[in-house]
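Kindly produce the complete structure, drawing on both the sequences and the hints.
Order-wise, the sequence lines are chains A and B.
Note that the working numbering has the first sequence beginning at 1, numbered continuously upward.
Note that the working numbering has the second sequence beginning at 1001, numbered continuously upward.
Honestly, the hints are just simulated from the structure, not real lab data.
Some hints here could point you the wrong way.
Computed cross-link-like contacts, DSS-like style, restricted to lysine-lysine with a CA-CA straight-line distance of at most 30 Å [stated by the list, open to error]:
id, chain 1, residue 1, chain 2, residue 2
1, A, Lys103, A, Lys178
2, A, Lys178, A, Lys50
3, A, Lys178, B, Lys1090
4, B, Lys1120, B, Lys1023
5, B, Lys1092, A, Lys178
6, A, Lys50, A, Lys103
Here are the in silico distance ranges between beta carbons for each label pair [what the hints assert, rightly or not]:
id, chain 1, residue 1, chain 2, residue 2, range
7, B, Arg1035, A, Glu59, 25 to 33 Å
8, A, Pro164, B, Val1135, 38 to 46 Å
9, B, Leu1110, A, Leu188, 40 to 48 Å
10, B, Ser1139, A, Pro164, 43 to 51 Å
11, B, Asp1143, A, Asp200, 28 to 36 Å
12, A, Ile10, B, Ser1049, 37 to 45 Å
Glycine included, each C-beta is placed from N, C-alpha and C at the ideal position.
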Amino acid sequence: MDLDAAAPDINVEAEARLIPRYYCAVLRTVLSNALRLELGTIYADVGRGKCDGARYVTEVLRHELSVPVIETENADMERRGNSVCVSSLPLVEKFEKIVESVKLPEGVRGDFSSSRPRCGFWGVPPRDFGLLELFPAETHVFGWTRCMENKTPADTRLELEFDPAIPTVFFAQSFCAKNSIAYYLAHLHPRGFYVDGDFDISASTRAKVEAFLELNGVTRGQQT
Amino acid sequence: MILGDFGTSYTKLLDTDSAAGPKVMRTAELGLGVRADVGTGHNARLRSSVVVNELVALATGARRRIAARDFLVLDCGSRDVKFVAFENAKFKRAGWNSECGSSMGFSIELLEMHFKLDYKSLAVPEEHLAVACGVLGISAVFDAVARGEEVGGAVARFVKGIAMNAHRFAGCPAEIYLCGGLCENPLFVRSVPAAVTTLGRFLLLDGLLEIAGSGAWPRLTDRKPC
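Listed below in structure tokens is the structure:
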């Protein structure tokens, strides 16, 4: 199983004794899942495709658990394609398929018709998929999520790509090092908008994204 | 058609079929049956058939009133502070501080009533209180008074601290269009470290008027009812 996803009935707050509250929500989820679920072995990607946080949380797990914790690195650079990222599937469904594909050696299988993009979403899968519900289906996915679909999580060149022709939200999980590059790329993009989000997307972040999409004519409403 | 800006402390209503202008009333005293056809603001979901995003209402109202192609409009209300910036007539950025900047306007009004002050008569001080938010700032005022500082001076430093925060939150622009209830507080307006043009407290209603009347949203019934 992928420990990034919140398992049912796991209380992340219960592990606050081991990990700061003001920390990456995804890694807090990983830690909580790993401590509460009955696991045989944990494989942790601690390479360039992940982050220092993952490396240190792996150390915590090694100390706290009796099961083997095996460090690994995924340095694959052979891109498998990203038909889901540019498909016409609703954005939530795109992310669900890509996140699920972590467990599939060959990645996502299927015939997905591509869409003409109206906007872009750059970044990692947010802890709260509610953010994704604000976007139309014709949203193309960029950033590390596109690397995920390609099975090349350390492919920084691919991660930095965006489409300057479409208004794009640049997202990073709160307290993640990717915030700096998300912020900077939003600055470079002619119509880029940076937001971050913790466990739940706040009402003000939701309103800002809604307004960004409306004021750029992406969703129904005002035209610029 | 009734348009409503349902703020935390004050509600602003406009009947588009009436020649009378917008009305302002305390939200706490609003009758249960008061509703709007199109609404915005913190309490809009409870009282409106159609809810418009506050930042969209703000941006639309600002573009209706401001001729410049590059501008930043900052809305300082009771509970929160929000801004929208346009560059070359295109949306550039927005911010909405509904949590950390909470209760700025509310606390300014609270101190005015508590100490029976008149903000028209208070001068802008040189120094400001370093206040993280309205609620924590009130403690700083009480501490200053307990240290022997004159009440009016301490509150004026608090108001200037709030104005500095709001200005910094908006990205420290040299020129700023200001709207919301704090437009009517002369001490606050003079405390903002920028060239300020006030647009009054009905700018969001202006936005609703544009949105409801322009046909930009084909039919109001298409909007998601609350």
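Status of each hint after checking the structure:
1. A:Lys103 - A:Lys178: 24 Å, holds
2. A:Lys178 - A:Lys50: Holds. A:Lys178 to A:Lys50 sits at ~10 Å (cutoff 30 Å).
3. A:Lys178 - B:Lys1090: Distance of about 27 Å is within 30 Å: holds.
4. B:Lys1120 - B:Lys1023: With Cα atoms ~23 Å apart, B:Lys1120 and B:Lys1023 stay inside 30 Å; holds.
5. B:Lys1092 - A:Lys178: 22 Å, holds
6. A:Lys50 - A:Lys103: Roughly 16 Å between the alpha carbons, so the hint for A:Lys50 and A:Lys103 holds.
7. B:Arg1035 - A:Glu59: 25 to 33 Å: Since the Cβ atoms of B:Arg1035 and A:Glu59 sit about 57 Å apart, the hinted range of 25 to 33 Å is violated.
8. A:Pro164 - B:Val1135: 38 to 46 Å: 42 Å, holds
9. B:Leu1110 - A:Leu188: 40 to 48 Å: This hint holds: roughly 44 Å between Cβ atoms.
10. B:Ser1139 - A:Pro164: 43 to 51 Å: 47 Å, holds
11. B:Asp1143 - A:Asp200: 28 to 36 Å: 34 Å, holds
12. A:Ile10 - B:Ser1049: 37 to 45 Å: Taking Cβ atoms as reference, A:Ile10 and B:Ser1049 lie about 40 Å apart, which means the hint holds.
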